[in-house]
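**Q** With chain Z's structure known, arrange chains W, Y, E, S, X, A and B with the ligands on it following the hints.
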Amino acid sequence: MPRPLRSSEKRLVKGNEALALGAIASGVECFFGYPITPQNEIPEILSDLMPKLGRVFLQAESEVASINMVYGAAAAGHRAMTSSSSPGISLMMEGVSYIAGSRLPCLIVNVMRGGPGLGNIAPSQSDYYQACKGGGHGDYHSIVLAPWNVQEMFEFPLLGFDLADRYRMPTIILADAVLGSMLEPAVVPDVFSPLMRMEKDWATTGRGTRSHKNIINSLLLDPVELCAHNELLQAVYREARREIMVDQRFCEDADYLLVAFGIAARVALSAIRLLRKEGIRIGLFRPITLYPFPTEQLVSAATHVRSVFDFELNSGQMLDDVRLAINGHCPVEFYGKMGGVLPGPEELAGEIKKRIRNEGDIL
Amino acid sequence: MPRPLRSSEKRLVKGNEALALGAIASGVECFFGYPITPQNEIPEILSDLMPKLGRVFLQAESEVASINMVYGAAAAGHRAMTSSSSPGISLMMEGVSYIAGSRLPCLIVNVMRGGPGLGNIAPSQSDYYQACKGGGHGDYHSIVLAPWNVQEMFEFPLLGFDLADRYRMPTIILADAVLGSMLEPAVVPDVFSPLMRMEKDWATTGRGTRSHKNIINSLLLDPVELCAHNELLQAVYREARREIMVDQRFCEDADYLLVAFGIAARVALSAIRLLRKEGIRIGLFRPITLYPFPTEQLVSAATHVRSVFDFELNSGQMLDDVRLAINGHCPVEFYGKMGGVLPGPEELAGEIKKRIRNEGDIL
Amino acid sequence: MEPVKIDTRRCKGCGLCVEFCPRHCLKLVDELNPIGYHPAELHEPGACTSCALCAEVCPETGIEVLRKRKKKS
Amino acid sequence: MEPVKIDTRRCKGCGLCVEFCPRHCLKLVDELNPIGYHPAELHEPGACTSCALCAEVCPETGIEVLRKRKKKS
Amino acid sequence: MSAVSEATCQEDVECVFERPDAMSDKPLHYCPGCTHGIIHRLVGEMIDEFGVFDRTVGVCPVGCAVFAYEYFNFDSIQASHGRAPAVATAVKRCDPRRFVFTYQGDGDLASIGMAETIHAAARGEHITVFFVNNGIYGMTGGQMAPTSLIGQTTTTSPAGRSEARTGAPIDVCKLLQSLPGVAFLARVPITSPKNINTARKYMRKAMQAQLNNEGFALVEFLSTCPVQWHMTPIDSMRYIDSTVTHTFPPGIFVDRVDTSGAPSASSCVEKEKSLP
Amino acid sequence: MSAVSEATCQEDVECVFERPDAMSDKPLHYCPGCTHGIIHRLVGEMIDEFGVFDRTVGVCPVGCAVFAYEYFNFDSIQASHGRAPAVATAVKRCDPRRFVFTYQGDGDLASIGMAETIHAAARGEHITVFFVNNGIYGMTGGQMAPTSLIGQTTTTSPAGRSEARTGAPIDVCKLLQSLPGVAFLARVPITSPKNINTARKYMRKAMQAQLNNEGFALVEFLSTCPVQWHMTPIDSMRYIDSTVTHTFPPGIFVDRVDTSGAPSASSCVEKEKSLP
Amino acid sequence: MKQETLIAGFGGQGILLMGRLLAEAAMNEGYHATWFPSYGPEMRGGTANCTVVFSDEEIGSPIAGHYDVVIAMNQPSLERFGPLVRAGGLLLINASMIPVAVDRADIDVLRIPTLEIAIQTGNERVSNVVMLGALLAARPAPTSDAYESAIESVMGEKKPELITANITALHAGRKAAERPCLTTVKGAP
Amino acid sequence: MKQETLIAGFGGQGILLMGRLLAEAAMNEGYHATWFPSYGPEMRGGTANCTVVFSDEEIGSPIAGHYDVVIAMNQPSLERFGPLVRAGGLLLINASMIPVAVDRADIDVLRIPTLEIAIQTGNERVSNVVMLGALLAARPAPTSDAYESAIESVMGEKKPELITANITALHAGRKAAERPCLTTVKGAP
Ligand SMILES: Cc1ncc(C[n+]2csc(CCOP(=O)(O)OP(=O)(O)O)c2C)c(N)n1
Ligand SMILES: Cc1ncc(C[n+]2csc(CCOP(=O)(O)OP(=O)(O)O)c2C)c(N)n1
Ligand code: SF4
Ligand code: SF4
Ligand code: SF4
Ligand code: SF4
Ligand code: SF4
Ligand code: SF4
Ligand SMILES: [Mg+2]
Ligand SMILES: [Mg+2]
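Protein chains in written order, with the numbering used here: chain Z, 1 to 363; chain W, 364 to 726; chain Y, 727 to 799; chain E, 800 to 872; chain S, 873 to 1148; chain X, 1149 to 1424; chain A, 1425 to 1613; chain B, 1614 to 1802.
Hints are supplied without guarantee of correctness; some may be wrong.
Using C-beta positions, here's what the derived DEER-type ranges look like [what the hints assert, rightly or not]: (1) S:ARG1037 - E:HIS842: 57 to 63 Å; (2) W:PRO552 - Y:ARG735: 46 to 52 Å; (3) W:GLY571 - E:ASN832: 37 to 43 Å; (4) E:HIS842 - W:MET561: 55 to 61 Å; (5) Z:HIS212 - Y:ASN759: 25 to 31 Å; (6) S:THR1119 - Z:VAL224: 42 to 48 Å; (7) Y:GLY772 - S:ARG1037: 55 to 61 Å; (8) Z:LYS354 - B:PRO1773: 51 to 57 Å; (9) Z:HIS304 - B:GLY1643: 49 to 55 Å; (10) X:GLU1218 - S:ASP1130: 53 to 59 Å; (11) W:PRO552 - A:LEU1508: 26 to 32 Å; (12) S:GLY1032 - Z:ARG241: 55 to 61 Å; (13) Z:ASP253 - B:GLY1701: 31 to 37 Å.
Source of the hints: derived by calculation from the structure; they are not laboratory data. Computed from a predicted model, the values in this text were never measured in an experiment. Just so it is clear, CB atoms sit at the ideal spot from N, CA and C, and this is done for glycine as well.
Extracted from the complex, chain Z is given alone in its bound form (with noise of 0.2 Å):
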């Protein structure tokens, strides 16, 4: 067993470290994944824990090898992850459609950084439209959770690991440099429950006794086929927007609505409490789901306000959601910082005060 930690009571813990110990919570079986900054505790305390609990523990030789090792334990009916960042992740992307098109189930964490390219090891937020769009080919989707505390990185990987047993598809975290490396205080378990094996009837565990054998595959050569179970794709996608997400913070009185993930959430909600503390009475919207995205939520969140911001480090990807949510309704006004900056609580609310002034909306 690995070292006792103490239970029920906060303790100052790094937020890749509650990831790791939130994926030994969730009964992950195996983890392969390659080492890539800002999210190297995740592998190194797996690489020290999961050999000790009888758990598969892997360095793959890359991104793209551990992707394929997700898989096919996957595939095997093993709950599977892989932790890497942006440029690991992008390595994946074609294994990410393999595991979609083969309705396999598995978590993915993405600890995002600056890009593009090798960029560096900031805090980012510039991989959305990859997670939730689909950065690999083909119709597909994850379903993708944005933490925004140590806590959620810890409680998340089991959030994620049941969603996607549930509806049979890769479950991502979208982390980001800061989440990952912040110390924050958190609670995590006392013992590790020993491991609860699903029985998963599609999964080619060998066939045993079964009467039929099981194939795991994405490959259906005639076109009717192939539409046929994209069809079944989207319609698990619909079904999945039951378990949308979100946080509200000071909404109910909301002139103006604020729309941010992940860390972002975080300087917005700092910028909420000093924009408040001025009599400008905003709201927080925080998704937790970014897919499925919470569209009906956000509509009946943004009824009556006069504009809605969104806040994102990054060139303004969720926005595009957001704008097709809102659908005109009202004004969508952006701010972001790209390539790691991370803008300041001041910074934010001076933004939104400019931009409420410059519509001769101020109250």
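**A** Below, chains W, Y, E, S, X, A and B with the ligands alone, put in the same frame as chain Z:
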């Protein structure tokens, strides 16, 4: 020299062949690629012609290697290209992000097939998101061109390289299994003019007598620098909007607009002819540049229409951009088939009629 | 008893069994089978020794070989 | 003439030059340089033979070695 | 074929050759005379012979054998191009009681999948690899493979493969030979009943290596591709014997398998070179 | 350093050692005592010595040497992780007059870049590879590399590398040795002035191989990583000599370089093993 | 004037070439034309089909849901595509491979024993062009000349010696189709 | 109550540990707390800094544009972050490494010769905790007890023998800061 071609006279040419010859005519200096259906004629023809013309053809060990070879050749100042189909393109996502991050011009051809995963080899348009929103990590874009006939398959490599060089960004030609495999009369050139190498003062050609060294690189550890670099990229993308190309037919008097690209636009054109025979005034709006997307053009084309139909061979990917342009101004309806099914014009026309009727909006 | 059963619906007329039969008992017929090939046929059943070399080289696993039992097992 | 010029702003005090000097002419000083290390110093210039082994092993390319010219070239 | 068998294999008649139980009845999609079919049957035989049917997971490649899962009755996974060793690694590590094999072409294993192949071998993964080397990309229409012979005309080497431009063909067995994680490594041409029998012997060892937890095992088959070689099936086999084997000498390259009791195959490559 | 040199190297005084012209003045970012810096200087010396400065294109890896382009004055490209050989292949093929080298770590070259390494070597690309094997992922904080020694404690092998779990360390020179496309292949520890001089000899051959169009050339440096090994710089060098060289014996593995006139290094690995 | 034609059969029956010749002939006659193939996974054998559209207007869709002409060279193709012939359209059946009859009163059905006719012309491998001859007989465009020059330019690229054999086959097929009694010689149920 | 603190210096000066101790101490005292590091590419040497926020409210942003407290352990850090101290804030300067002075009248500036004090305590490697002691002296929260138990729990994980040395250093730093005359002993311009 390659076999002489009959000049300025139409002959039956296969889409992939036209693309290969178009690449040669565009002055491509090197091709790196890995076999995959349905684009194999492209490397096959180039493996024959390129060495005869003293240019470089190399079958790479994989798509990952291909795109990194393109990266190297482009860095050294050469017109470099690769070609593949959906799963192979997914493997290139890290490389494309590096190319975009390093501001390198190059040409990437995706002859799309059914996905996700291994899917099939039938026509599809389900890599729109990947091509247009950024399948790799980071805030980058490529210029995306969508040919719709064999003549454009011939012409777009030159256009693509010119745009790539002008803006120092990758160009993607997004074709599909039909365009690649179909024969159609087209004009292809008589002779190939000798290569004219462009001077690129930023290229790592070897320093020669230059007073400074050149570096090709996407690493900018300082977030402030990487942010500034990203802002430059975004400025370039805004600049590139002046290159937007659209093909509009029957739009002057249109009550309805049918938006479609590539091969789907041809089915749309046939459907429009059927519908017009029945007195339904519907026009075709065909984006030729998918990125930058013709947002303003669509807004003005749609000013007076009752509704907009979007038809794609996917689950509705360009639909996002169509709806973002329309922004709630009028209803936007979608029809699409996935997995390689190509609906006929009758089917599409029937579907449009049904929707019009449903709306109680029949004329 | 026919010692060699060729599944003529699977046979693709590749001729490998014909080539490797040490007793030259097999040949391809002139007619096309439903999948468009000239299938193989045992034309000299008497010469066949049930050596199964034909089956060994058949890529379609389209040949089954029988033999008279020597003693009751 | 100092036969060995150590660029003390580059030196990271790794001690390799000290270790490999066959004449033991080098040592690390107590003070920190602006980048936070204890740089190397030629403390026995007289013993130095300009053999350049110190420079050969210096990872910072931080050592330049001079020698009296034997004859005009 | 079991219906036929039941009806005919009885009383005074016995079946000396029938389709292995591990194989399905589905007709193969391979071109006439393509030896993929023979190798499939050998795989089926092995699964039967070792009694591992219920714990076998097969990993199929992208290549002509992409549909291999259709032809077997055990569980199978269709891996992405070249990554079968990574997929198999995970399947095996997650439950070492499984028998896990990959079936891969030369483009799959030696071109795009080179890193996965080498690393699975280097790690000594307890998997068995059946490597079908036909010196060409069959499925995609006859492009050059890393294993195409010098001078071989393919659709992407229309003037014949040039060593100056593309290097020498990659000898996978030689390449892997230095890795201590490899327990068994051998090459055999599928060109005659005799060689097919040798293949069977090698495959047994490669199965045994995994069952003994001895490490990575690979059997390379020199296989025909009559269609892309533009030869008849028989000429294709002759071509392998007369020409391909000069570049790719058959034999055992590594044998660390403990077959206590059973006579162990020679571990010397030289001796085996005399195969036809 | 040229300012100093001009002032001091004159009259009766001569410079016997100064920074190569090909190197910039920029202070290196490497950890104290890390031998990456020495290898950088050797690369600079070679470029000066062969007079190829104006036609050199260097390809930098992802790894601690990612910033190598800062320290040289010639043109450089920063390649994505592991793909430097593919990048270099294209740069060289597009203009064979260039001198193209890659500089790669062991994670870069032997883990993620394995396929690109093997294929560039197999094709006999006319490129020169400087391979810095420090048995660890330096830049990312000390994870296990395919070249980490058995028993070595790293951040992802906290109980020491286990051969049973992760296989034996990959010997890149042994692996590449069988490929006919390789013109020169050698390994040398960077542990003393004497060995540094041997490195220089090997590097000359690896440069010459490319200038002669003889094929792929690679020099593997056994390099220290004091920080991730948790040793002093000097102990790190001693550790290489006492321990690392048992797993990775130094010497020449392949030498097909024509150095007409110049005395050619021995092509026998055994003889070279007596290095300290 | 627009004609949408589907040609289907086994791989190896020269299906794609038939389509190519038809498209080339249509182009020779000044039509816009498109040809689009599709096949199964097999490199040899398996199914193959292609769609040829020609029109005096710029062609929109190169594929169709229903066809003016379907040429079924084997039985699975007949089963799959026979029902897709538009009313008033034409169904050409390769009688050498297809024993079954078709009872659709709303279209023209011609059964051509292509193999037997091909053998009569002395070359059993030209059945496909025999069938094209039947199409030539049954439809006004493209003309005989356009087909002949299509055969010349397509075959000429590879094997000039085949030109005569194929032109002979074309006309043998045409004649057979003009004498419909002949076209049901074999295998009528 | 909310305090945003930035601690900056060379890698190797124990910057991140200082931040960790401060965050742990704040947590021990019942505050919400966050700690966020950032560093250059070097594994050793180079720059390192971290931001510690503690507050009695749930913490939004774990980073800030301006700070209530900046601790500059070397000169580049002082240059970069000194100007970001809010009016009324506190700037702690490691006088052992930074000769220059700062003239901002709107903030409190304390110069602590951390190395000299550390050497006086008998362990030259505890300069960082000496500096924390100065912070303890200058700001009401966290309390001395909270720091001490932070030192115990953080050090205890690795090397228990360090606990005493660090607690000694903490109080040496605190005392030095309480006698501001001492804090300018060295290098004042
Ligand atoms: C990522 C990716 N790249 C390329 C392809 C196309 N592709 C399919 S099969 C194949 C090669 C098959 O060759 P080989 O592995 O030798 O098998 P064979 O068909 O010869 O048995 C290729 C390149 C693909 N499906 N996916
Ligand atoms: C695709 C990708 N995967 C992983 C990384 C993270 N990464 C950066 S350097 C490195 C390994 C460096 O190790 P090595 O090549 O041995 O060089 P060293 O630092 O030891 O010199 C890794 C895995 C990355 N930048 N990109
Ligand atoms: S069993 Fe032997 S003898 Fe009989 S047909 Fe087959 S190969 Fe010939
Ligand atoms: S070997 Fe099999 S497929 Fe080939 S001809 Fe004989 S029976 Fe037919
Ligand atoms: S030049 Fe030689 S003797 Fe002089 S300091 Fe350097 S190593 Fe010592
Ligand atoms: S070898 Fe160089 S860096 Fe190391 S101590 Fe000597 S001068 Fe300084
Ligand atoms: S293409 Fe070649 S390998 Fe593939 S099935 Fe046909 S003959 Fe066999
Ligand atoms: S981490 Fe290791 S390899 Fe990297 S610079 Fe530091 S000592 Fe050198
Ligand atoms: Mg092959
Ligand atoms: Mg390393």
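**Q** Of all the hints numbered above, which does this structure not satisfy? Sort the numbers upward.
**A** 9, 11
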